[in-house]
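**Student:** Given next are the chains, with one letter for each unit.
Protein chains: 4
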Amino acid sequence: MNRYSVILSNVGSCADRFLTAGYDEPVALAELFRRVAEIPQVSGVELVGSWHVTDRNVAELKKYLEHYNLKLVSIIPDHFGQPKWKNGSFASREAVIRADAVNHTKEMIDAAAELGCDLVSLWPGQDGYDYVFQADYLQEREWFSLGVQETCRYRKDMRISLEYKIKEPRTHSYLSTVSNALLTIMEISEPNCGVTIDFGHALNAYETPAESVALLKKYGDRLFHVHMNDNYRHWDDDMIVGSVHTVETLEFFYWLRKTGYQGWLSIDQYPYREDSLEAVRQGVLAMDSFNRLLDRVPEAELDELIRIGNAAASASYFRKLLLDGVQ
Amino acid sequence: MNRYSVILSNVGSCADRFLTAGYDEPVALAELFRRVAEIPQVSGVELVGSWHVTDRNVAELKKYLEHYNLKLVSIIPDHFGQPKWKNGSFASREAVIRADAVNHTKEMIDAAAELGCDLVSLWPGQDGYDYVFQADYLQEREWFSLGVQETCRYRKDMRISLEYKIKEPRTHSYLSTVSNALLTIMEISEPNCGVTIDFGHALNAYETPAESVALLKKYGDRLFHVHMNDNYRHWDDDMIVGSVHTVETLEFFYWLRKTGYQGWLSIDQYPYREDSLEAVRQGVLAMDSFNRLLDRVPEAELDELIRIGNAAASASYFRKLLLDGVQ
Amino acid sequence: MNRYSVILSNVGSCADRFLTAGYDEPVALAELFRRVAEIPQVSGVELVGSWHVTDRNVAELKKYLEHYNLKLVSIIPDHFGQPKWKNGSFASREAVIRADAVNHTKEMIDAAAELGCDLVSLWPGQDGYDYVFQADYLQEREWFSLGVQETCRYRKDMRISLEYKIKEPRTHSYLSTVSNALLTIMEISEPNCGVTIDFGHALNAYETPAESVALLKKYGDRLFHVHMNDNYRHWDDDMIVGSVHTVETLEFFYWLRKTGYQGWLSIDQYPYREDSLEAVRQGVLAMDSFNRLLDRVPEAELDELIRIGNAAASASYFRKLLLDGVQ
Amino acid sequence: MNRYSVILSNVGSCADRFLTAGYDEPVALAELFRRVAEIPQVSGVELVGSWHVTDRNVAELKKYLEHYNLKLVSIIPDHFGQPKWKNGSFASREAVIRADAVNHTKEMIDAAAELGCDLVSLWPGQDGYDYVFQADYLQEREWFSLGVQETCRYRKDMRISLEYKIKEPRTHSYLSTVSNALLTIMEISEPNCGVTIDFGHALNAYETPAESVALLKKYGDRLFHVHMNDNYRHWDDDMIVGSVHTVETLEFFYWLRKTGYQGWLSIDQYPYREDSLEAVRQGVLAMDSFNRLLDRVPEAELDELIRIGNAAASASYFRKLLLDGVQ
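Protein chains in written order, with our numbering: chain A, 14 to 340; chain B, 14 to 340; chain C, 14 to 340; chain D, 14 to 340.
Okay, chain A solo, but in the shape it has when bound (with noise of 0.2 Å):
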């Protein structure tokens, strides 16, 4: 059975380009966790370098945790927050800038392991480019592949997990899709090394999420984590799970099932100008009600729908019990 957390910063307050003081007030650490453990479904809690992990501050962290009886469940480095990373972290022209991409890592795989996580999560949001003729793509994949490698030998206990996403905030991210993740943990060739699927951004890559999480299977059983929200597909809106995608949300659910995934369901959603707590309480309802759907349909029923593949009597049976109250 999957279990729900939630990255810390989901509860607190946005920002965008035009609005860059945020569209709501600035939430202190204390407080953030507070509002987590008052959703009674959430067991975790996902936090993120710079912004909630510091060299400094592991033994506040640590106490928060347990205050509040919540399980750390990844620690998101940051290689995107700060302004030394704005050509890149792992994939830097710079190789200062590179090295510290990795200790960076290094450090917060540490903290992971001192906090009792045994995943770290890197989302290289830098690492790509953004105009024609401007990257030498050969050099800078490997230098991003070498990097991200260092990291998973640094220490073998704890599973390095890759979150690909197609652009933003570059026009063009190195990793890329959910393929080209594969291509490259193929390249780095550690059996720690995974991949996040964060729904949205398979949306945006014009994948159907649940076929991401059976190419994950495929190539290894890379699946190592899965970040949710929803979105109109063009852009990643992080918007509240299931608002937009009904029956895609159900079908990556079952698939997730269907392949044995054991991990966490983490909400990640940008609720610029919602009650921030109340809209991740929504993402965890709707997670929970998409998952007991799937406990209350007979799962030979939708293995049977795949199996003729006829679109009429999945039309059928969806229309049944989404919108006819046949459950």
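Bear in mind the hints are in silico, worked out from the structure with no lab data behind them. There may be inaccurate statements among the hints.
It does not matter which identical chain is used: a pair holds within one copy or between any two.
[Said to hold, decoys possible] Keeping only pairs whose Cα atoms sit at most 35 Å apart, straight-line, the calculated DSBU-like set for lysine-lysine is:
#1 LYS231 to LYS271
#2 LYS169 to LYS230
#3 LYS119 to LYS230
#4 LYS333 to LYS119
#5 LYS333 to LYS99
#6 LYS271 to LYS97
#7 LYS271 to LYS99
Put chains B, C and D on the given structure of chain A with help from the hints.
**Tutor:** Here is chains B, C and D on its own, set in the frame of chain A:
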């Protein structure tokens, strides 16, 4: 209450540019009618010029309509299916082609009138351009409006409805979006000129289909007709109604009620690989399920969701309605 | 002949939602002016409310403008950069916010007048919605038009220009496309109300920017202002002018001439990772090169390409012009 | 130095789903060859199974190739143009169809060998799915790889090249992106298995085509063949080479050189409304102009642009090169 109809070709065979002879055997006119009549919820049919309506078969069509007790809902003149239209119909550079576009429309208007129908739905799919520096946008758009205006003036008792689409078969269509259609209608300035919303075309233009309904209400109550299908937003996939967008389709039906739309809801799907009759049947049943769901839900509850505009509250509401089976 | 200007913030530092403190150090107002003055081809500047213009610094701004011999081209009131606008400005559910949006605009109109400028360009980026079942499209759009109308009526000698954009920061904006902007203008029905085309926003809406210029000519000669940049079509990347679209930008400049546009061409780029002054300089030089290329090419040749509309002939022409260096 | 070729059907007539009989008269095989031979820069031709190559006309084809002194560059087996493939070829649920897909490929391999050609380019356009809950991604992808593997093993002296495309005619293709194609090739694990890049397909998947070339170099030097055209990114418009993307096409040609690509450059356009021979001629001349431009530009200058990765410097360089005529 809305009534359901079908574009006749939808129960036949489809082709595409790689399989021009069709994914299935061609289906004769009589058989198309027979198939439509097999769906009890359907009481009307929509015909396409050239494909179904010629200047010689009106009597035959009347016979089929009467035999199967089907209402003719609209005729879609052929402004797209013959080589002569390849560079445009109403907006063609050639005066003789422009006149032909108008004349064919008048013939279809007469045929519609004779068959007891008061709606002709124009889809000028070849009016547009493919390349930059190819079109004189001002001149061609003027020809377009003048031509359509002439058809509106031909018979004041016939409603002429413009179906917009942002692209395909041209890379750029003139009648591109709901707002562009409204501008064109204002220019034409005839009371019998309105708009056909194709649900999928709205999605392709990054419109929220429910908002497109509202815009047509706002600017002169111009929604004359509706074509239903679904897609993945980027292209006019013409899939079974409701197969991708659940909440968005529900919002569309809600706004049809809210704005007092009394017209037909017509299936416009391209079931390339499906049993076409079964695909249409499922599309019709989906429309009916969306409508019946709205019958069960207190309208005041949905009005209230919109009044407060709280995304978390809406997410909670639709989660319970669609996933938890609380109806 | 067009004159070139710059939105003042373009030579400063940019932030995004992941790096909210900015990719570079903040740049003081005086320094921003000094930088713009370093580009000899630039003779005007565009200011943003709150960011650059307050109710107390008009005298200071006048001093800078005079010192650097820069014309104030427009003021863009702040309807997007403070938390109070998060659920809309002119279209907000709250009457007090709507009044605030109007009042702030009037203040900016007064400031513009005092600084010898006759254009205020509105970008109501927060007016729209994110989720389905969130907005009363009819009510909110009515509020929007009424508010803008009030600002148009405030001073008839000030031109109010509406900048449309299909999304961001909302997932769906009300002022979405060139045609929607024209509908809104017709509703507002004031002669001093027009449109600002942002080249990149047009691309994001799958418009051909040159056609957007033609549409504004056709429906009342309403092109008041132009913002220049470039992108990969799917998102408002705000890149250097001409860096992606060569022929399309040329066609845009050609249609500006053809329709007699006499206004300013303003750089609107977000140089997150670039030396911002150099990025703006290249944008300006690109605009100048497009214009000088059109000076060299006989206008009759381009007119003829459009008259015949032959894609192969156009391809041949631009290949020779751009690739073969036959100019 | 690259040599230029043409897919034979490109000089014929095109159809689409609305005009299935074709935008022009059908063109006989002999005439297609005669037309290609009219373009002096073209020295090769690519043929399509069923459309051009049958089990009975190899002698006739040999005669044409010799008569017009054209090299057979590749055969594209027909896995998309007959109703039997409608639910897939290599990945079909039906074992007999899967066997048929393999057998037809073997026949085309034999035909290619007999005609002195060492490349067969597979475009398995019907292998994929349209709806969610329709496909067993694991099973179908396994069938796909096994089938292609069998064709690779059939004759080791024949190169089998996989052309990826993210969608159309299915809403989702299995062989979707350059990275997915590489994963598939690694799974197949045969040295004679590579990739065909279609420039437009790369754009449709939000790839930078030049980076796709680099990826194929990086992971095993697997670029076997290139199809050239252009589009507006969102769909496979199959327009004349260079008609939309100038700098991006130039970067693509630059990376072909940088990675030592020695293969053919084949036109793959769909000139629905153009004189098809003239459209192909312009496509070929565009390829030649891009190559000749690269001949004139010192390679070290472009290498340096990439080494420093300064967007403003690149913008300056290409502005002078393309717009200012400084070559």
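**Student:** At most 35 Å between alpha carbons: which applies to LYS271 and LYS99, within, between, both or neither?
**Tutor:** Between copies only: 27 Å across chains, 40 Å inside a chain, cut-off 35 Å.
**Student:** Since the copies are identical, ignore which copy is meant and state whether LYS169 and LYS230 lie within 35 Å (CA to CA) inside a copy, between copies, both or neither.
**Tutor:** Result: close both inside a copy and across copies, 21 Å intra and 31 Å inter.
**Student:** How do LYS119 and LYS230 come out at 35 Å by Cα distance, when the copy is not named: within, between, both, or neither?
**Tutor:** Result: close both inside a copy and across copies, 27 Å intra and 31 Å inter.
**Student:** From the Cα coordinates, with 35 Å as the cut-off, is the pair LYS271 and LYS97 best called within, between, both, or neither?
**Tutor:** Intra 42 Å, inter 30 Å, cutoff 35 Å: inter-copy only.
**Student:** Within a copy, between copies, both or neither: which one fits LYS231 and LYS271 at a CA-CA cutoff of 35 Å?
**Tutor:** Both: 12 Å inside a copy, 34 Å across copies.
**Student:** Please work out whether the CA atoms of LYS333 and LYS99 approach to 35 Å or closer within one copy, between two copies, in both situations, or in neither?
**Tutor:** between (50 Å within a copy, 28 Å between copies)
**Student:** Please sort LYS333 with LYS119 into within, between, both or neither, judging by C-alpha distance up to 35 Å.
**Tutor:** neither (51 Å within a copy, 44 Å between copies)
The structure fails to meet hint 4 from the earlier list, while all remaining hints are met.
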